[in-house]
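Chemist: Assemble the whole structure, with the sequences as input and the hints as a guide.
These are the residues of each chain, in order.
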Amino acid sequence: MIDFTEEQIERYSRHIILPEVGGEGQSRLLESKVFMIGAGGLGSPVAYYLAAAGVGAIGIADADVVDMSNLQRQIIHNQDRIGMPKVESARETIQALNPDVKVNTYNYRITEENVREIIREYDLVIDGCDNFPTRFLINDACFFEKKTLVSGAMFRFEGQVVTFKPHADAKGPCYRCLYPEPPPAGLVPSCSEAGILGALAGAVGTIQAVEAIKELLDIGESLSGRLMIFDALRMEWKKLKLHKDPGCPLCGENPSLTELVTYEEVCEIRAAGQ
Amino acid sequence: MIRVLLFGMLADMAGERELEVPGKESMTLADILDHLQRLFPTMNDAMFLLAVNQQQTSDMNTTISNGDEVAIMPPFSGG
Numbered sequence: 001m002i003d004f005t006e007e008q009i010e011r012y013s014r015h016i017i018l019p020e021v022g023g024e025g026q027s028r029l030l031e032s033k034v035f036m037i038g039a040g041g042l043g044s045p046v047a048y049y050l051a052a053a054g055v056g057a058i059g060i061a062d063a064d065v066v067d068m069s070n071l072q073r074q075i076i077h078n079q080d081r082i083g084m085p086k087v088e089s090a091r092e093t094i095q096a097l098n099p100d101v102k103v104n105t106y107n108y109r110i111t112e113e114n115v116r117e118i119i120r121e122y123d124l125v126i127d128g129c130d131n132f133p134t135r136f137l138i139n140d141a142c143f144f145e146k147k148t149l150v151s152g153a154m155f156r157f158e159g160q161v162v163t164f165k166p167h168a169d170a171k172g173p174c175y176r177c178l179y180p181e182p183p184p185a186g187l188v189p190s191c192s193e194a195g196i197l198g199a200l201a202g203a204v205g206t207i208q209a210v211e212a213i214k215e216l217l218d219i220g221e222s223l224s225g226r227l228m229i230f231d232a233l234r235m236e237w238k239k240l241k242l243h244k245d246p247g248c249p250l251c252g253e254n255p256s257l258t259e260l261v262t263y264e265e266v267c268e269i270r271a272a273g274q
Numbered sequence: 275m276i277r278v279l280l281f282g283m284l285a286d287m288a289g290e291r292e293l294e295v296p297g298k299e300s301m302t303l304a305d306i307l308d309h310l311q312r313l314f315p316t317m318n319d320a321m322f323l324l325a326v327n328q329q330q331t332s333d334m335n336t337t338i339s340n341g342d343e344v345a346i347m348p349p350f351s352g353g
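Residue numbers (our numbering), protein chains in the order written: chain C, 1 to 274; chain S, 275 to 353.
Hints are computed from structural coordinates only; laboratory data are not their basis. Just so it is clear, the structure is predicted and the values come from calculations on it, not from any experiment. Don't take every hint at face value.
List of simulated lysine to any residue pairs, SDA-like, C-alpha gap at most 20 Å [unchecked claim]:
hint, chain 1, residue 1, chain 2, residue 2
1, C, Lys239, S, Asp342
2, C, Lys33, C, Lys214
3, C, Lys146, C, Leu217
4, C, Lys244, S, Asp333
5, C, Lys239, S, Arg291
6, C, Lys146, C, Pro246
7, C, Lys238, S, Val326
Counterexamples of contact, computed for chain C against chain S with all Cβ distances above 12 Å [claimed, not checked]:
hint, residue
8, Glu92
9, Asn98
10, Asn104
11, Thr111
12, Lys146
13, Gly220
14, Asn254
15, Leu257
16, Leu260
Not everything, but these chain S residues come out facing chain C in the computed CB check (under 10 Å) [as the list claims (entries may be wrong)]:
hint, residue
17, Met283
18, Ala285
19, Ala325
20, Gln330
21, Ser332
22, Met347
23, Pro349
For glycine and all other residues, C-beta sits at the position ideal for the given N, C-alpha and C.
Modeler: What follows is the structure, encoded as C-alpha cells:
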C-alpha cells in the first residue's frame, strides 16, 4: 500500500472513509492506469472524475483541437483553449485539479498499427469516441489485449453505457456480440449534423467514470452483460441483459476475426462526397 | 398486445418510440420484425440488437406472446 502524504489523506478522505474503498482502495486507484479514447463530450466528465478520484495515470487520445462548438458539452476545455490540441487542454485541466495524476497524451488517431501497443500499458480502457470505426477497433484491441472496456455512446437525447470484459466474465459479451459490424453508411447520421444535448454527455460520461472506478477497485456489480440506456427527454433508464454470442466473429466459438481490421469513417466519406 | 420499443435512429425513422402490435397465435420475433419492416421499410437496412422482455436474443424463432416487450436498439456512435 502507498504511504499517503498528509495532503493525500485530506484530499481522498471521503473515499478513504468508505469501507468499500478505504486506504487500500485509494492506494489501488493511485496505482491504476486508465486509457481514454476521446477528450470530447464523454471524455470530459470521465477525465474529471478519474482525476479527482486520484487515478494515478490517465492516457488520453484525441487528434482534434478545441473548437468553439465543442464548449456546449466538452467541459474539460474552455474558451481560452480554442485551437489548442484537446489532449493538451485536458492535461491542463486535470493537472490543475489534481497534481497526483500523471497525464499521457496521444495527439493522433488511434489506428490498428498503434492501438494494441498503447492499451497494453493500461489497466482499463474508456471509449468516448465519436465514430463507429474506432469503436470496433477499440473493442477488438481490448479483446485481444484482455483489457476491460467501459463504453459510452450517445445519440441526440439518448445514451448507452456498457462494460465489456469477455476475458474476465465467461458469460460477458464484447461489442461485436451486440453489433457484429458497423452499420451501413446511410444509417449513420453525419457527425457534425447529429445534434446532442450537452448535459447528456455529463450523465453518460459520469456513469462511465463510476463503472471504471468500480472495475479498478473490483467492487459492486459490474456492468458487463448489461446495457444501460438513458433517455433524457423521458428521464428514463432502461436495462437490457446481454449475452455472449457463440457466433460472435470476435469472441465466439469459431471467430473469423483473428487480427485488427479498419473500417472506413462514414462521416468522412459523406463529407468528401458533399 | 405486444409492446415494441424503438431507440435512436429507429425511433426517428418510425416517428414513434413505442408501438403496440396485436399478438397472434404462435407468433415469433421474425413475425414482429416483418410487421415492423412493412410499416417502416427503411428499417430493412438498419442494424440493431433485439431484446425480448429486457433480455438480448438473436433467435428469430423466439415465441412472442401478448404482454411481451420487444426492444430494438441500434448502436450509437456519438461521444
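Chemist: Go through the numbered hints given earlier and state which of them the structure violates, listing their numbers in rising order.
Modeler: Violated: none.
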